[in-house]
Amino acid sequence: DAGVIQSPRHEVTEMGQEVTLRCKPISGHDYLFWYRQTMMRGLELLIYFNNNVPIDDSGMPEDRFSAKMPNASFSTLKIQPSEPRDSAVYFCASSFTAWRGVQTPTDTQYFGPGTRLTVL
Amino acid sequence: AQSVSQHNHHVILSEAASLELGCNYSYGGTVNLFWYVQYPGQHLQLLLKYFSGDPLVKGIKGFEAEFIKSKFSFNLRKPSVQWSDTAEYFCAVKSLNTGFQKLVFGTGTRLLVSP
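Same order as they appear, the protein sequences are chains S and D. Here the first sequence is numbered in the numbering used here, starting from 1 and rising by one per residue. Here the second sequence is numbered in the numbering used here, starting from 1001 and rising by one per residue.
To be clear, the hints were calculated from the coordinates, so they are not data collected in a lab. Take these hints with a grain of salt, some might be off.
[Unchecked claim] Computed cross-link-like contacts, DSBU-like style, restricted to lysine-lysine with a CA-CA straight-line distance of at most 30 Å: (1) D:K1069 x S:K78; (2) D:K1049 x S:K24; (3) D:K1058 x D:K1071; (4) D:K1058 x D:K1078; (5) D:K1071 x D:K1061; (6) D:K1078 x D:K1049; (7) D:K1061 x S:K24; (8) D:K1069 x D:K1102; (9) D:K1078 x D:K1102; (10) D:K1102 x D:K1061; (11) D:K1078 x D:K1061; (12) S:K78 x S:K24; (13) D:K1102 x S:K68; (14) D:K1049 x D:K1069; (15) S:K24 x D:K1102.
Take the sequences, apply the hints, and build the full model.
Structure (structure tokens):
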């Protein structure tokens, strides 16, 4: 398995520009998570999806951030307009629901390599 | 609000020294606990996890962690570290009472092992 795939790996943009980060979860995984990692705040959950539906977006910092999951194999995180304080590493992760008598989320999340975003 | 504290932000050890990284969480309900590791230039990987049963959990690469419910702690240990253990270590907690799949991470501990 290729694991979680993210693109681009590095993005440098100027303040005010739109930035789109992409993620392909592991095939068969039904949960997808977007995280942001900074030195000051560590690793923060921004939003997560289950079966392509956003479940919890309480971590999305403001309206400039939006995330979509049009199908089970693709998700985007968009920042418009971008600001220097958005500079961070953005991780995507996925996990799956197993059958253990009842449908049970497995809880272990598999992370992608991250996108290092620099907003000048 | 649920939170996770990792009190050691930076740890420097010599090879063969013993390691213990602290992790405390604030949530009082039933939880699942995790340690993830991020090697330089790589993505986060699961090191070990505790769901239930024996509170002493063994993970990959000789790491182990002990869940002490009364202390709300899940400290990571390794008896003898190697240079290749240089990485950032994250403790994470998931509440089983909310129905959500949300993992809350600590701010991480950067471990540097000198050869």
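Verification of the supplied hints:
no.	hint	in the structure
1	D:K1069 x S:K78	40 Å, violated
2	D:K1049 x S:K24	25 Å, holds
3	D:K1058 x D:K1071	20 Å, holds
4	D:K1058 x D:K1078	10 Å, holds
5	D:K1071 x D:K1061	26 Å, holds
6	D:K1078 x D:K1049	15 Å, holds
7	D:K1061 x S:K24	28 Å, holds
8	D:K1069 x D:K1102	20 Å, holds
9	D:K1078 x D:K1102	28 Å, holds
10	D:K1102 x D:K1061	27 Å, holds
11	D:K1078 x D:K1061	9 Å, holds
12	S:K78 x S:K24	15 Å, holds
13	D:K1102 x S:K68	18 Å, holds
14	D:K1049 x D:K1069	15 Å, holds
15	S:K24 x D:K1102	19 Å, holds
The structure does not agree with numbered hint 1 stated previously, though it agrees with all others.
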